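Q: Chain A is already provided as a structure; the job is to place chain B on it using the hints.
Going down the list, the protein sequences come from chains A and B. Position one of the first sequence corresponds to residue 1 (my numbering), numbered consecutively onward. Position one of the second sequence corresponds to residue 1 (my numbering), numbered consecutively onward.
Since the hints were made in silico from the structure, they are not lab data. Among these hints, one or two may not hold up.
One copy or any two copies: either way a pair holds, since identical chains are not told apart in the list.
[As the list claims (entries may be wrong)] Capping the alpha-carbon separation at 30 Å, the derived lysine-lysine pairs in DSS-like fashion look like this:
#, residue 1, residue 2
1, Lys210, Lys190
2, Lys22, Lys190
3, Lys274, Lys22
4, Lys22, Lys217
5, Lys274, Lys134
6, Lys247, Lys114
7, Lys190, Lys247
8, Lys190, Lys217
9, Lys210, Lys247
Because the structure is a prediction, the values reported are computed rather than measured.
Number of protein chains: 2
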Amino acid sequence: MCGAGSRARIGYAQILPEVRMKAPIRVAVTGAAGNIGYSLLWRLASGNCFGDDQPMILQLLEITPVMERLNGVVMELVDSAFPLVHDIVATDDVNTAFRDADAIFLVGSRPRSKDMDRADLVAANGPIFVGQGKAIGESASRDVKVITVGNPANTNCLIARANATGLDGSCFSAMTRLDQNRAVGQVAAKLGVPAAQVQDVFVWGNHSDKMYPDLRKAVASELPAMGQLDLAWVREEFRRTVATRGKAIIMARGASSAASAASAAVDHMRDWWKGTNGRIVSMAIPSQGWYDVPEGLVFSFPVTVDASGTISVVEGLEIDAYTRDRIVENIQDLESERSAVAELI
Amino acid sequence: MCGAGSRARIGYAQILPEVRMKAPIRVAVTGAAGNIGYSLLWRLASGNCFGDDQPMILQLLEITPVMERLNGVVMELVDSAFPLVHDIVATDDVNTAFRDADAIFLVGSRPRSKDMDRADLVAANGPIFVGQGKAIGESASRDVKVITVGNPANTNCLIARANATGLDGSCFSAMTRLDQNRAVGQVAAKLGVPAAQVQDVFVWGNHSDKMYPDLRKAVASELPAMGQLDLAWVREEFRRTVATRGKAIIMARGASSAASAASAAVDHMRDWWKGTNGRIVSMAIPSQGWYDVPEGLVFSFPVTVDASGTISVVEGLEIDAYTRDRIVENIQDLESERSAVAELI
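Chain A extracted, bound-state conformation (with noise of 0.2 Å):
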């Protein structure tokens, strides 16, 4: 320990003993000022995500017309004194936003307008996940985590990765824990359990309404969740509501899902920092050729994550004719996708 005389701007670590801190991480986090970003800050400032002993720096993004906005909500992370937040940058700057960082949010995309379908959607977004991959593959760190949230997620997560040069595609994911969770919801409530009971769900290909949340693996209360489900609930009514739930918050809420988005970002990245202790989870990757899905495309498999943080996707499951189609289905989807942005990846 530093004697009093030479404390003026000694480190972190060595002022708490009481409480000897890790370095801290940084942690970026784009479309910051929006309604996920609100939710998802104060989660990870809270130490849910990388744990209650790790601090962070917040590197915040978002476009200059909202940085008045994104100041705001750096105050009230101020304001709320968390002990694990060392530092906060709000930029503008995609490089500065990335400088270095452990972990990247990127959540803000262009959101889809009335006039719009999934086409014009993805077009939309492209050009601003190619900056976004290109300031990756210049300022992050080398194996940083990066977790697309904002849609269309898997093919924004696409443009990102092929324009981040340098980086292993293994740095890449885009999140369909939230389908996960949501059908996990759907599995508990209908059993009438706990979440907590409800292990080992979870989703194949793309985060749109043809996502497939497969239940042939998953365990309610320890024992196999199919033989207490009914086949019919689970091929139409539990398929259909859980694909068609963001529509229907939208509907009870006023307003779109938030901090499940949020939470679901939280849970993505946190299995993926710490492992997942064998269970099974989901996580769109770049496939590799995993159960014949095209390489490059990403896509949600089942997957496992060790203590060092590396992503194993489940294999040698069996696939019914009835998941094949489920399966190619969502190939073709992003396939179609993929067309669509073929000039920015």
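A: Just chain B now, with coordinates in the frame of chain A:
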């Protein structure tokens, strides 16, 4: 453990031996579909407040006209698949919301409209807190911990407490932690250190622009804060910044400070639930005459909380003329609010 044959409806704690859980507590939140509620619920459900091993039943109260919006919030909580959330009750009936509650967050209140002054606000909220106080007295756990967040928080708490027959005054508190956290944030920013290095800042009085953030015992980087700060800054800019912070947030963000208010509520309740481990924090509690504050006024004092959840006012602090003036000003403020609701208490 039970054998497989008997597990149809056996309890949660029995099902998951690897996460042996405590019995769930009941946590009630009023105004649950509002903006502070939307931030608060995810912080509670994630384990931030009551601990990672403490399951809970969320009991959410709203007024009848916004029950559909509350339903949307519940849908999103279900979609977050929180392992600690055992059940969720959504209701517009106060007794249902407070039934057997172990912790209550009184967040909902009637917001100030343009033509209301503070006396109007106090009078408009009075009847709400009469009804809620009665229901807490009838329905809540006998050692419930109540935090009042909705403004005017101190006087709303006074009314609830007065109407909660059969409960001790020590069950009631109002939140000045947001003021404290704002003060910590300002000191940390001024000294260029993380908030974790600033401790033992506390606030006297009313959660209004009269509140007095006291830095005389504050420690920054293990040294007295006042020795590192200019007295004129502390008495003028610092105090004004903390007192007017709510308006500054609205100006910047275009919306009121919901996430930082929720964060302060989590901090307040967590400290009450688990103890402060010797640190001094601010809580507004019914005065027992400490520092010549009239008995019964809900007044923010410097307090510590022991591991059993007993709040103790830090006594024997030197009260210089400046501090005495601030305390007297707050007593007058709160006595005037009390007069406005005299027939309700």
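Q: 30 Å Cα cut-off: does Lys274 pair with Lys134 within a copy, between copies, both or neither?
A: within (27 Å within a copy, 46 Å between copies)
Q: Is it within, between, both, or neither for Lys210 and Lys247, if the alpha carbons may be no more than 30 Å apart?
A: within (15 Å within a copy, 45 Å between copies)
Q: Could you figure out if Lys247 and Lys114 sit no more than 30 Å apart (CA to CA) within one copy, between two copies, both or neither?
A: For Lys247 and Lys114, the Cα distance is within 30 Å only inside one copy (14 Å; across copies 34 Å).
Q: Reference check for the pair Lys22 and Lys217, CA-CA at most 30 Å: within, between, both, or neither?
A: Between copies only: 28 Å across chains, 37 Å inside a chain, cut-off 30 Å.
Q: At most 30 Å between C-alpha atoms: does Lys22 with Lys190 qualify within a copy, between copies, both, or neither?
A: between (42 Å within a copy, 24 Å between copies)
Q: State whether the alpha carbon distance between Lys190 and Lys247 is at most 30 Å within one copy, between copies, both, or neither.
A: Within one copy only: 20 Å inside, 45 Å across.
Q: Quick one: Lys190 to Lys217, C-alpha cut-off 30 Å, is that within a copy, between copies, both, or neither?
A: within (17 Å within a copy, 55 Å between copies)
Q: Cα distance capped at 30 Å. Does Lys210 pair with Lys190 within a copy, between copies, both, or neither?
A: Result: close within a single copy only, 22 Å intra versus 52 Å inter.
Q: As a check of your reading, is Lys274 near Lys22 (CA-CA no more than 30 Å) within one copy, between copies, both or neither?
A: both (15 Å within a copy, 24 Å between copies)
The structure shown violates none of the earlier numbered hints.
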